[in-house]
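Visitor: The chain contents come next:
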Amino acid sequence: MATPASTAAANSAVKTKNTRKVDTRPFLWPSVIVLFLWMIVPLAMTLYYSVINYNLLDPSFTGFAGLENYKFLLEDPSLWTSMWNTLVLVGSVLIISVVVGALLAVLYNARFPGRNIARLLVIAPFFVMPTVSALIWKNMMLHPVNGFVAWLQSALGMVPTDWFSQYPMLSIILIVSWQWVPFAFLILLTAIQSLDSEQQEAARIDGAGPVAMFFYIVLPHLQRSISVVIMIESIFLLAIFAEIYVTTSGGPGLATTNLSYLIYSVGLLQFDVGYASAGGVIAVILANIVAIFLIRTVSRNMQKA
Amino acid sequence: MAEVILKNIKKSYGDVQVIKGVDLHIKDKEFCIFVGPSGCGKSTLLRMIAGLEEITSGELHIGGTQVNDLSPADRGISMVFQSYALYPHMSVRENMGFSLKLAKQPAEEIKRKVDEAARILKLDPLLDRKPAELSGGQRQRVAIGRAIVRNPKVFLFDEPLSNLDAALRVQMRIEIARMHHDFDATMIYVTHDQVEAMTMADKIVVLQGGVIEQVGSPLDLYHHPVNKFVAGFMGSPNMNFLESTIKQVEDECVTVGLPGGGTVSVPVKREQASVGDKVTLGVRPEHLLEGGGGDGEVSGKVLVVERLGGGTLVYASLEDGQSISAQIDGNSSIKVDDTIKLGLRNETCHVFTADGLALPQIDRHPLADVGRGSGH
Ligand SMILES: Nc1ncnc2c1ncn2[C@@H]1O[C@H](COP(=O)(O)OP(=O)(O)O)[C@@H](O)[C@H]1O
Ligand SMILES: [Mg+2]
Chain Y
14 MATPASTAAA NSAVKTKNTR KVDTRPFLWP SVIVLFLWMI VPLAMTLYYS VINYNLLDPS
74 FTGFAGLENY KFLLEDPSLW TSMWNTLVLV GSVLIISVVV GALLAVLYNA RFPGRNIARL
134 LVIAPFFVMP TVSALIWKNM MLHPVNGFVA WLQSALGMVP TDWFSQYPML SIILIVSWQW
194 VPFAFLILLT AIQSLDSEQQ EAARIDGAGP VAMFFYIVLP HLQRSISVVI MIESIFLLAI
254 FAEIYVTTSG GPGLATTNLS YLIYSVGLLQ FDVGYASAGG VIAVILANIV AIFLIRTVSR
314 NMQKA
Chain B
2 MAEVILKNIK KSYGDVQVIK GVDLHIKDKE FCIFVGPSGC GKSTLLRMIA GLEEITSGEL
62 HIGGTQVNDL SPADRGISMV FQSYALYPHM SVRENMGFSL KLAKQPAEEI KRKVDEAARI
122 LKLDPLLDRK PAELSGGQRQ RVAIGRAIVR NPKVFLFDEP LSNLDAALRV QMRIEIARMH
182 HDFDATMIYV THDQVEAMTM ADKIVVLQGG VIEQVGSPLD LYHHPVNKFV AGFMGSPNMN
242 FLESTIKQVE DECVTVGLPG GGTVSVPVKR EQASVGDKVT LGVRPEHLLE GGGGDGEVSG
302 KVLVVERLGG GTLVYASLED GQSISAQIDG NSSIKVDDTI KLGLRNETCH VFTADGLALP
362 QIDRHPLADV GRGSGH
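Chains Y and B supply the protein sequences, listed in that same order. Quick note on this note's numbering: the first sequence kicks off at 14 and runs consecutively. Quick note on this note's numbering: the second sequence kicks off at 2 and runs consecutively.
Calculated directly from the structure, the hints in this document are not laboratory data. One or more hints might be untrue.
[Claimed, not checked] Simulated pairs of lysine to any residue, SDA-like, Cα-Cα distance not exceeding 20 Å:
1. B:K131 x Y:I295
2. Y:K84 x Y:I295
3. B:K105 x Y:V224
4. B:K336 x B:K279
5. B:K131 x Y:E211
[Unchecked claim] Computed beta-carbon distance windows for the label pairs:
6. Y:S210 x B:K11: 21 to 29 Å
7. B:R113 x Y:F139: 50 to 58 Å
8. B:R179 x Y:A304: 53 to 61 Å
9. Y:M171 x B:R113: 56 to 64 Å
Ideal Cβ positions, reconstructed from N, Cα and C, are used throughout, including at glycine.
Kindly generate the complete structure, drawing on both the sequences and the hints.
Guide: The structure is reproduced here in structure tokens:
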């Protein structure tokens with residue numbers, strides 16, 4: 014959280030050294046302060062709630078709880094399950110969206126009639142609201158009776174699968190990937206378009222076929238953009254909620270409960286604000302650990318390129 | 002043996018024809034330069050030879066085989082691009098060895114060939130650097146090294162020096178000429194800079210608007226341009242063109258009027274020319290004699306004097322208002338507003354008819370048909 018501010022400060026320090034001796038830092042303070050308050054107030058409140066007894070169903074149960082909430086939470090096996098689910102969900106969607114996005118980008122960079130319309134269609138899922146896309150998948154695509162996939166399966170003489178109860182996590186990954194492939198596609202397509210055409214021609218003369226061209230020329234060129242895609246997607250994927258809420262409600266059992274859904278379920282289904290806040294704090298810590306690693310790798314990649 | 006033969010090569014983009022039928026025979030080990038103004042189709046022609054652009058119609062032969070349908074990698078060519086087109090994420094060594102790696106050559110073999118090329122180009126200390134850590138001249142060398150390593154039959158260059166500064170350009174020019182001498186390979190080189198063409202080529206191909214205007218040795222084009230375009234394009238400073246009319250015609254001599262009333266008799270074939278025709282008299286600035294004399298004379302008022310040390314460039318306005326430039330002695334004391342007399346020698350004059358074609362000269366320049374190097 015402090016990283017953007019500190020890089021900004023570092024940048025301004027470099028500038029003042031290099032150019033005229035004007036201290037530009039005061040001009041940064043207003044936005045830095047607003048951003049800091051924006052972050053710190055909710056965080057402080059969450060921290061506060063996480064150390065008191067606060068259950069909406071039981072107003073008499075009050076007072077300082079110390080680390081009780083955390084203790085309960087860390088002993089609760091559902092926390093670990095949901096952490097694991099979060100990692101599986103984020104990891105799979107990242108891999109799928111980057112791989113499929115890169116392949117589509119290469120494909121749609123080639124010239125063919127109707128290319129612009131085709132590109133628009135690939136990007137379209139990104140503009141569908143998560144709740145709506147989850148409903149589309151739930152009721153029109155994967156529904157065991159009315160769904161398109163079920164229809165396909167019975168047309169082929171197979172027994173329709175009840176996706177959300179038999180393969181709940183896979184279904185969620187499918188839906189979320191469907192939404193995020195367009196994003197990766199868009200970023201990687203613009204990156205491919207910026208690839209120097211003479212470089213590709215030189216590689217053709219050097220004897221590179223399509224496969225060698227992809228792995229030796231295109232992919233290294235995309236490295237930076239892939240880092241950016243991974244970083245931005247991770248931030249959003251860690252907080253996936255609507256898709257789970259609309260389709261599986263975290264189930265069956267805990268099969269599709271990720272951290273944000275767990276916090277919601279303890280906070281608003283069991284009405285335990287203190288407990289949910291403790292979960293929130295843990296989610297923040299987890300997100301920051303991921304963020305530190307990501308920002309480090311990404312900035313290393315950026316410097317390298 | 003790597004002759005390159007183009008037979009009626011044409012290229013169209015949609016309805017627009019950019020190469021309008023090129024016939025050309027480039028001999029084995031020849032240094033052939035395509036020169037012409039920007040947009041005349043030099044790059045397109047070169048890229049068709051490389052296989053990067055499809056040939057719309059016509060035949061292309063390299064080393065005795067027709068290569069129209071071969072991929073760039075199978076044509077036995079290497080190309081050096083204007084932007085160098087190095088692979089930014091690979092080291093110099095990997096850049097140079099890339100083609101061999103794709104050809105699945107053993108690692109020691111690749112190393113040996115890259116080291117060899119690096120030694121020739123004095124790139125040894127830079128082999129582990131990335132292209133971003135090199136200067137323009139060094140990148141250029143790596144690009145050339147990458148071409149050498151493939152050991153091609155034909156080297157192709159597309160304006161390889163135009164991103165370098167003037168001093169480096171002269172140096173690389175010499176190195177490429179040297180390389181041609183050492184490698185004994187056929188080279189085809191594209192440039193818009195006629196000085197590069199004059200200094201390096203065995204054979205210059207002057208292109209304009211997708212057609213060949215003239216093919217010849219540098220001195221052939223300099224002394225015997227076939228039309229006004231080639232005459233004006235080759236040579237620096239540019240040839241003077243004076244509007245004139247024909248006063249008298251004999252079989253091997255055409256006499257044209259000069260501004261100020263004089264005449265000069267130029268030893269050219271008369272062809273269709275007749276007395277009274279409007280023509281253009283062409284004479285190079287370096288062929289004008291300060292102080293008059295020669296076979297004809299003009300005089301004018303000096304407008305600008307450029308002193309280059311070794312020579313002096315004088316721009317003057319003639320009596321009938323036409324302008325002329327002359328390259329005269331570096332020690333001339335001529336000043337602006339002086340009157341200058343300039344003499345013309347008849348064998349250095351060119352006569353162009355109204356449609357821009359030169360009347361052919363009777364005498365060939367003794368060096369016009371002599372190649373530069375050995376082996377021709
Ligand atoms: N891909 C293309 N599509 C349409 N026209 C092109 C294309 N490439 C080149 N041209 C046209 O062909 C002509 C010759 O281009 P080029 O060979 O690059 O010229 P030069 O290298 O002599 O400057 C130009 O008029 C250019 O506009
Ligand atoms: Mg060009």
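Visitor: Are any of the numbered hints broken by this structure? If so, which, sorted upward?
Guide: 1, 4
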